[in-house]
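A.B. asks: In case you want the letters, here they are:
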Amino acid sequence: MSIFASLSFIIVTVLAFFLFVKKIGLIRKNILLGKDIDLSDQPSKRWKNVFLLALGQKKMFRNPVVALLHLIVYIGFIIINIELIEIIVDGITGGHRAFEPYLGTFYDYLINSFEILALLVLLACVVFLTRRNIIKLKRFISNDLNGWPRTDANFILIIEIVLMGLFLMMNAADPTSDFLISSHIKPLLNGFSESQLSTIEHTAWWLHILGIYAFMNYLPYSKHLHIILAFPNAYFASLAPKGSMHNMPSIQNEVLYAMQPELAPTNMVAPEKFGARDVMDLSWKNLMDAYSCTECGRCSAACPANSTGKLLSPRKIMMATRDRLEIVGKNIDTHKKFVDDGKSLLHDYISVEELRACTTCNACVEECPVSISPLDIIIELRRSLVMEESNAPAEWNGMFSNIENNFAPWKFAPDDRDAWANQSI
Amino acid sequence: MKVNTMAEFMAKGEKPEVLFWVGCAGSFDQRAQKITKAFATILDKAGVNYAILGKEETCTGDPARRAGNEFMFQMMAYQNIQVLNGYEIKKIVTTCPHCFNTLKNEYPALGGNYDVIHHTSFLQELIEQGKIKFTDSNEWKGKTITYHDSCYLGRANDIYEAPRKVLESLDMELREMKRCKSKGLCCGAGGAQMFKEEEKGDRRINMERADEAIETKSDFVASACPFCNTMLTDGIKNRDQEVSVEVLDIAEIIAKAIQ
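For the protein sequence lines, the chains are A and B, in the order given. Per the working numbering, the first sequence starts with residue 1, numbered consecutively. Per the working numbering, the second sequence starts with residue 1, numbered consecutively.
These aren't lab readings, by the way, just hints derived from the structure by calculation. Ideal Cβ placement from N, Cα and C applies to all residues, glycine included. Treat each hint with caution, since some may be false.
As the list claims (entries may be wrong) - Partner residues aside, some chain B positions facing chain A, computed with beta carbon under 8 Å:
| no. | residue |
| --- | --- |
| 1 | 72 |
| 2 | 85 |
| 3 | 155 |
Could you build all of it, start to finish, from the sequences and the hints given here?
C.D. replies: The structure is reproduced here in structure tokens:
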């Protein structure tokens, strides 16, 4: 390759990484708009989650066939990216297969295994596209994916197929190569002259690397960001039993001081608002959850409310949170601070009807392969509804007043609480 | 039956080995009262020295907290913890998974630390220790049964085996539903849904679950939660199957077989 080619390659590479890092920085800034929460305890348990849930994809194996296909794409992605090191070295130096002289026959093994993986990835992506568009699995055709999200998913799969195709084509067009898979493509190229082959190889090489850079920069705008965030998200996943809800110390203290006024500090400040009305009121982990969501819909498929036709979809809760966070992030970028836009996550992005349908059964949390808790967000929004807006169905208000006055959610006489002991068996 | 309260134990200067937390459903709901009485009978027969709080027990605050009313929850928790700590309670057994979850997982942050155990785990222990002996004419033997996992026992607290082990100890034939254990479908009552109408949709959650239970063609459906029990019973009645499929709590099943 000429100096010109090397220079263009270096410029494109630097630009690709610069833009990617910049966008990741923006996402990090958005995530940190969330309230602080300390999730640094028990590091050994947290690392275990990273290995089991993120690296080992434990939750995916609840459906072994799909898990295997996903694993192929995942391993393929990681291993084929090792080849990227050589591609970058070649691009900068203008060389050709820079590692070949150093690795000898091992190089052939390496490229052969990359090629096998590339073919498997390609086939897995075809299966995935089929599941989405021909078999039409319920969780892939439901309304919450209408528009961009469904295109996004198909787009990613098509890009992967094209990238793998280019990788194989590049090897096939290399006259000096003889690798396991690409050698079978060679007959297709029989009619071409050596210079034409070289052009095909170079074109495939360039399209492949440009495709990878484009894909890398597409990631932060896509559901595919989970390939990065699944790891920190597994590390920071809640270690508490799923049944326990976050305590609200501000209210705990308020009740304590009401009961025992002597304990109340003299300089007591009124507690901040209760629950979450907008994304800034959620924790940074809730916001990282939103960016980690890959919109696979396992949560909504398992959700008792969603599967019986209610409006609630845990997947949509995550997508709405991310959409709102992006808008808030842009708002802050433009005005240097958040300027009220008359909208909020609650009501404008997530409706009361959705929130009311949740049974807090934890099925969504259990299913999520990347350690997201949609339930956490639902509860925080419910807290805001009830405590900030006094917005509860009449039956719930009745239940609250029964608990307050009769110490049970129903209107029974508290004196009858142990009446069962006097009844016949 | 004679059931002693903590106040009565205190008056005698004695302490029971375990407090039986009855819960609101178990105290007031006519169907759930039967479960309460069945469990109290088992405790008596197994020679467990237990007490209840009686009129001093109040709602744990679970439905209020899950509906979003943290104030109400904190008020109830404060009062309950005052009472429990006042009696120096160490161990609590309860027949309600919601009370179980709140007492076990949510009261510690508020100063209430107890060894909390659900009645299915407690029954399993008593059976393993030989404290529960079954009659020779085991009427349950060979009967088919499907167990419905309560969300607040299963996913919330990873208790899947204890209730199944208890049923197996009676030589019952356990048939799993399509969705069971960590994939178990909610009955529709959790998250304070018990106390309001369902949001609009295609069908009711308890109907969906009742259909799954009926599909197993079992003689019985076992529950371990008073709310699940109500939801499933209603669902099965709605399908006119209440004669062929009976919903029973694990405690009721054991109570009928105990010597």
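A.B. asks: Give a verdict on every hint.
C.D. replies: Structure-based check of each hint:
no. : hint : verdict
1   : 72   : holds (6 Å)
2   : 85   : violated (14 Å)
3   : 155  : holds (4 Å)
In this structure, only the earlier hint numbered 2 is contradicted, and the remaining ones agree with it.
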